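Student: Here are the chains, one letter per residue:
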Amino acid sequence: MKIIVLMKQVPNKDAILRVNKEGTWIEEGDLSFEVNESDGYALEESLRLKEKHGGEVVVCSMGPQRAKTVMKDALARGADRAIHIVGDQLGHLSPFQSASLLADALRGEDPDLIMTGLQSDDYGYAQTGVIIAEILGIPHATIVIEIDASGDQLRVKRELESGWYQWYSMPKKALLTIQSGISQIRYATLKGIMAAKKKEIREIVASTDGLKPSHQRIQRIYLPEKTKQTQFLGDGDAKRGAALLAEKLQTEARVY
Amino acid sequence: MSNGILVFAEHRDGVLNKTSLEAIAAAQSLAGATGQTVNAVLLGSALDGLAQEIASFDLGKVIAAENDKLTSYTPDGYTDGMEQVIRAEDPKYVVMPHTYLVRDFAPKLSARFGKGLVSDCIRARVDNGEITLTRRIFLGKMDADVSATGESPVFVTFQSGAYRGDQAAKGSGARIEKIAVEVGEVRMTPEAPFQEVKQAVDLSKAEIIVAVGRGIKSKDNIVLAEELAKVLGGDLAASRPICDAEWLPIDRQIGSSGQTVAPKLYIALGISGAIQHLVGMKNSGTIVAINKDPEAPIFDIADYGIVGDLFEAVPALTEEIKKRKA
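Residue numbers (this note's numbering), protein chains in the order written: chain P, 79 to 334; chain Z, 223 to 548.
No wet-lab data here; the hints were simulated from the structure. Warning: the hint list may mix true and false statements.
[Unchecked claim] Okay, derived cross-link-like pairs now, EDC-like style, lysine to aspartate or glutamate, Cα gap no bigger than 16 Å in a straight line:
1) Z:Lys291 with Z:Asp365
2) Z:Lys514 with P:Asp92
3) P:Lys235 with Z:Glu542
4) P:Lys235 with Z:Glu413
5) Z:Lys439 with P:Asp151
6) P:Lys326 with Z:Glu542
7) Z:Lys486 with Z:Glu429
8) P:Lys91 with P:Glu112
9) P:Lys277 with P:Asp151
10) Z:Lys504 with Z:Glu429
11) P:Lys304 with Z:Asp365
12) P:Lys304 with Z:Glu429
[To be verified] Taking beta-carbon pairs under 7 Å as the criterion, some of the chain Z residues facing chain P (in silico):
13) Lys314
14) Tyr322
15) Asp326
16) Pro329
17) Met364
18) Ala396
19) Ala535
20) Lys544
21) Arg546
Just so you know, these numbers come straight off a predicted model, no measurement behind them. C-beta: ideal position from N, C-alpha, C; glycine also.
Generate coordinates for the entire structure from the input sequences, incorporating the hints supplied.
Tutor: As structure tokens, then:
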């Protein structure tokens, strides 16, 4: 079973974000980056499928050179090789544009399964995976929480809203978007880190020339408007804040 | 020339999804500001009853697109059905609720038109006939104003709660247009939806909830939240990462994939406030957030906030409440 895992590098979850001068995106210069959370789970699930059924796990990421950290980490955890679609501005493509470039890069690989996270933690479009499936003409399932690849068909458990689930069967050549928490993510071992140094990262220089124009343009980004006037307590002193809070909850909010 | 707004009404086995009413309200609001008509589309088989229900809203018409292959939802079936309706109607906008079902098929649908969706919008504004849509990005830390450009249709999905379903305007009975749509090969076979286990904990009736997020750092620290919950007579809950890590069972999870709650008091400890969590608790009476990141989105909806170390604040809060209750 040949599995391709699409992984995106996104700003660190705890990073303090600052809007750039133009007001159109965040200042990326001093940010630290990490792998998109649900993509990490997609990798873990791919590795488990490989352990059960044999085959190969290929990681694919798109972005500037810094995206290599994501791929190296995946190789250290057990992926076999990586494909890096290189370009500085690829992070800002529309979902259809990203999907077009990724589909072009993957076509020659002819994988059995393509897996990725259910959405990215930066733009949060939640579309790229599904569009790739449509471009490649393969079936897909989103928000997958369990995979059974032991039969002739693929059987996947999808998460629905409010604690409901549903199983779907489909042909084995498919694309799945993975929900966070599908399994516990392994750590890279020292042996894995050493082995990763010898594994291939193939670079593809992507051309955005032939892409269809994007149909959405960000005018500006800003901090969300507050819906409530928050009373901040303690002024940085957590203990003092706690004492004030206990008082306010009793006398103002009257909740105890 | 493309015209009008087509709104997708989602149902499961003939029961309308409440976010469909929100989508109708959204479409009506856009229509009012842009001088367009709203038509609704339903996909399924035997849609008569449901079409009647939708026709009571202020709409141009209700298109009931039927095919036996649409009895149960599949992305292949729904994409084929919707594509035909859109090509026939040629709307300027296609408005849908940002549900798990729509997330599953709408990107495939928009790809048939060579584009993506403006997904998960929280509001829309119209200036001189031009629509600006606002999306939440970076897990709720930032908002982005987006203009949709290029050829029609523009595909838009709205987040649950962005519009109020009870504000969908009723009309004098919209025309119902029943059409048979073609559906090609459906490659996936769905089984019946089910609930995992009968939920052991029903948090929807809890008056006080103390919820923990990633900031609690380890399973051993959850006892701090437990003690606070105990002194307040409340229940313990968590955001998704905590249940993913199995530090608390999944029936304690608040948010879009867990329970929706509205207690009198909701205390969020080390929860940043991703959209998926907020939709599950934003209607709580009093919201308290304790978080070290002053820009955590949870503070946008909090009544009281403490910016600082929860490991200092929580034990102090528990002690102080104990004293005051004594």
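Student: Are the hints correct? Go through all of them and say.
Tutor: So, going through the hints one by one against the coordinates:
| no. | hint | in the structure |
| --- | --- | --- |
| 1 | Z:Lys291 with Z:Asp365 | violated (39 Å) |
| 2 | Z:Lys514 with P:Asp92 | holds (10 Å) |
| 3 | P:Lys235 with Z:Glu542 | violated (46 Å) |
| 4 | P:Lys235 with Z:Glu413 | holds (10 Å) |
| 5 | Z:Lys439 with P:Asp151 | violated (22 Å) |
| 6 | P:Lys326 with Z:Glu542 | holds (11 Å) |
| 7 | Z:Lys486 with Z:Glu429 | holds (5 Å) |
| 8 | P:Lys91 with P:Glu112 | holds (8 Å) |
| 9 | P:Lys277 with P:Asp151 | holds (11 Å) |
| 10 | Z:Lys504 with Z:Glu429 | holds (14 Å) |
| 11 | P:Lys304 with Z:Asp365 | holds (11 Å) |
| 12 | P:Lys304 with Z:Glu429 | violated (25 Å) |
| 13 | Lys314 | violated (13 Å) |
| 14 | Tyr322 | holds (5 Å) |
| 15 | Asp326 | holds (5 Å) |
| 16 | Pro329 | holds (4 Å) |
| 17 | Met364 | holds (5 Å) |
| 18 | Ala396 | violated (27 Å) |
| 19 | Ala535 | holds (4 Å) |
| 20 | Lys544 | violated (9 Å) |
| 21 | Arg546 | holds (6 Å) |
Against the hints set out earlier in the document, violations occur for numbers 1, 3, 5, 12, 13, 18 and 20.
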